[in-house]
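K.L.:
Residue numbering for the sequence shown is 1 to 73, as defined by the UniProt record's numbering.
Honestly, the hints are just simulated from the structure, not real lab data. There are no misleading hints in this set.
Quick list of simulated restraints, FRET-style, between CB atoms:
no. : residue 1 : residue 2 : range
1   : L64       : E11       : 45 to 51 Å
2   : A37       : E59       : 32 to 38 Å
3   : A15       : E63       : 45 to 51 Å
4   : F44       : E11       : 26 to 32 Å
5   : K17       : A50       : 35 to 41 Å
6   : E63       : H22       : 40 to 46 Å
7   : T68       : A15       : 41 to 47 Å
In this text, a Cβ means the ideal position worked out from N, Cα and C, and glycines have one as well.
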Amino acid sequence: MSLTTIKVTVELRDALKAQAGHHNRNIGEHLRHLLEAEARRDRFRQVQEAMTKVPPDEEYIRELREWTSDAWT
Numbered sequence: 001m002s003l004t005t006i007k008v009t010v011e012l013r014d015a016l017k018a019q020a021g022h023h024n025r026n027i028g029e030h031l032r033h034l035l036e037a038e039a040r041r042d043r044f045r046q047v048q049e050a051m052t053k054v055p056p057d058e059e060y061i062r063e064l065r066e067w068t069s070d071a072w073t
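With the hints as constraints, model all of the structure from the sequences given.
P.N.:
Set out below in structure tokens:
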């Protein structure tokens with residue numbers, strides 16, 4: 001695997017290094033973790049957007065009302 005240099009401020013480098021150390025990672029591992037976490041958030045945002053574009057069907061609404069009613073208490 002080849003390596004490269006990313007130019008960031010000293011403050012940002014130090015913050016990333018401290019945060020990575022707190023999680024027992026090196027900076028490369030920490031950047032990978034941050035990248036994957038953001039990709040996961042993006043996927044969930046896409047799912048959320050898709051769900052808001054398609055309204056729930058009547059069967060779902062009926063079941064939801066049953067589950068949230070006081071009939072189970």
